[in-house]
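Fit chain B to the known structure of chain A by using the hints.
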Amino acid sequence: AQKVTQAQTEISVVEKEDVTLDCVYETRDTTYYLFWYKQPPSGELVFLIRRNSFDEQNEISGRYSWNFQKSTSSFNFTITASQVVDSAVYFCALILNQAGTALIFGKGTTLSVSS
Amino acid sequence: KAGVTQTPRYLIKTRGQQVTLSCSPISGHRSVSWYQQTPGQGLQFLFEYFSETQRNKGNFPGRFSGRQFSNSRSEMNVSTLELGDSALYLCASSPSNRGHGYTFGSGTRLTVV
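Residue numbers (this note's numbering), protein chains in the order written: chain A, 155 to 269; chain B, 246 to 358.
Isolated chain A (complex conformation):
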């Protein structure tokens, strides 16, 4: 069975601090996709990034960066120089590349950035 674990329930930082959100996943399949979503208070899940299991390249997008390591089954997300607008719940998710599967979400990490 597949599983996604986000061990950090809540993180509080002060503006301009760097913060890393951890994500560990479990699957025996070799082909899968990993995602990060942001959920602001409005409720909508905002897509941040998608990674397939064959692409271990790290990615940077502005202040956001992602570190995918298959050896440790981790897909961590770092926000550099955090801002108040980054305050939200962040979800890591996994889906297998086969029919009959659905997104499996972690429990989420609530990030609070204070000024």
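If you are wondering where the hints come from, they were derived from the structure by calculation, not from laboratory data. Glycine included, C-beta positions come from ideal geometry on N, C-alpha and C.
Ranges of calculated distance between the beta carbons of each label pair, as one might list FRET restraints:
1) B/N316 with A/S215: 29 to 37 angstroms
2) B/N322 with A/E164: 32 to 40 angstroms
3) A/D209 with B/N316: 28 to 36 angstroms
4) B/P306 with A/E169: 40 to 48 angstroms
If you want the footprint, here are the derived chain B segments under chain A, 3+ residues with CB under 8 angstroms:
5) 278–291
6) 297–307
7) 349–356
What follows is chain B alone, placed relative to chain A:
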């Protein structure tokens, strides 16, 4: 282009009633999935429709049902509402291949009293 539209945004229903939620996917997207989000259980998959056919179903009782129309719009129905059905119901659309990712709507917050 327009995003995923869910209506209504908020609903208050009485235990025992039934409710219908609507989701309009992004134009051209043929897959619509539904998720339930509660503080205790987190985000849980309800079902997925593709070209009017249910392609996948989560572990929810038969009171939860859905359908998809020829224009890809989807509805989900919950009959005989229970207090525990209070949740944020999120709809996601995708072109077809799960590797493309999913775009979510703002959700419908259902409160059962």
